[in-house]
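> Sequence:
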Amino acid sequence: MNFRMILKSLGSVLCIEAFCMFPALLVSMIYGQGDKGAFILAMILVLLVGVLLYQIKPTNSDIYARDGFAIVALGWILISFFGALPFVFSGVIPSLSDALFESISGFTTTGATILTEIESLPKGILFWRSFTHWMGGMGVLVLTLAVLPSVKANTVHIMKAESPGPTPEKLVPKIGQTVKILYAIYIVITALEFLCLMLGGLSVYDALIHAFGTAGTGGFSNKNASVAAFGNLKIEVIITVFMFLFGVNFTLYFQSIRGNFKSILKNEELRFYVGVVLTSILLITINIHGSVYQSIGEALRYSSFQVNSIITTTGFGTADFNVWPTFSKCILVFLMVIGASAGSTGGGVKCIRILLLIKIARREVAKIIHPRSVHTVKIGGKAVDEETLSGIMAFFFLYMFIFVSAVLFIALDGKDIITSVTAVIATISNIGPGLEMVGPTGNFAAFSVLGKGILSFCMIIGRLEIYPVLILLSPAFWKRVNI
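Residues in the sequence shown are numbered consecutively from 86, following my numbering.
Simulated from the structure, these hints should not be mistaken for lab results.
Keep in mind the model is a prediction, meaning the values are calculated, not measured.
None of the hints are false.
Distance condition first, Cα-Cα at most 30 Å in a straight line; then the derived DSS-like pairs of lysine-lysine:
no., residue 1, residue 2
1, K463, K347
2, K452, K351
3, K444, K463
Have a look at the derived ranges for each label pair, beta carbon to beta carbon:
no., residue 1, residue 2, range
4, Q140, C415, 52 to 62 Å
5, G176, L277, 28 to 38 Å
6, L111, I141, 30 to 40 Å
7, L280, L318, 14 to 24 Å
8, K319, A561, 54 to 64 Å
Beta carbons: idealized from backbone N, C-alpha and C, even for Gly.
Required output: the full structure, derived from the provided sequences and hints.
So this is what it looks like as structure tokens:
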């Protein structure tokens, strides 16, 4: 373990976080609602700790695979802790455990909240709350790599540990250029949505808040009723479209820029993602038409928004799907688990893993029928190696094991089973709303400190896709062996 390099890297992450608080400070100064001092004090503390750590001089500047995992796991814990300070210092969330829950929910782009009323809160605080989504969407460590003046090739271990999906790809040979391209695409699409929301009738502030929430697929709104508060069809259509776009693998946007449209059309994960979205919209529209909404147009409007919000794990809401028929709610729960595409800002298991698990199951059936034949699992016409397939099966097992374990702990709070189960799904898949007490009109305030701690753990382990956090908890991981 290269401990000095780990600490130095964590210092750079905290310095970036301090810099990222500056826009929220500007907003607090513009509106003058008494939260300016909270940001100034938080920025000083974060910058002080960051600079002290960054001054550490490592004897070896190499970052090994285990170092990358340690930097990512510890980095997310640190940024969540220091990101909670503005909430505490401003008095908006005086409880540190509650503030930490809200901060973790923001950075992990979960969107679960303990706040019962938000429209009266200072605009600077609400801006910071939503901006954490934007920071966490592409990854705070990836953001750090994008802005560092020099990035070594071996920092690919950091990107691999933080990026969603089974096999993160480099777009170009140099990792520094790759992260810059990814962030450039991220910024451009965010800016496009911001402009569209402005043209749709939102104020600059509201447009920024909801663009950040959509881009990071987080779902924090500055309205108690979320997007439903606007009652604006144009705004709903714009957010629906961009939620879908942010759920697509960002490498496909890079391929489109290079004019490689054939590979996009052949992409199996994209076809699966589009197919699941369209099928879910159709089924829910049919199910809620007549029972909840009398107009087919209304049924299509609300099913489209909620399906895209849930599968991309954004969590914005325009309807209380708690009152929808059981069939529709079951589909939404399945979408919570499936999630968006790998390489997107969305959470969940990811479409590529679900697709490969289906192919693995189909191969096992074929082996039983034809035991002597050789069967390979292919994606896009290319065989997937057995190491990747075993890794996906292990990931899914761990996901289910952690899910069941978390539900058992959450059950100690005495909530009903639907609330308990969907609260865990909503946090481990980084969605935000679940069903019943944690539905689109509810929140997580009623959970105990233990319950919030378990759900916070689920949010981090879901965002980092399990391994970085579990490896961090392994005693063997901290032995001084470089691998």
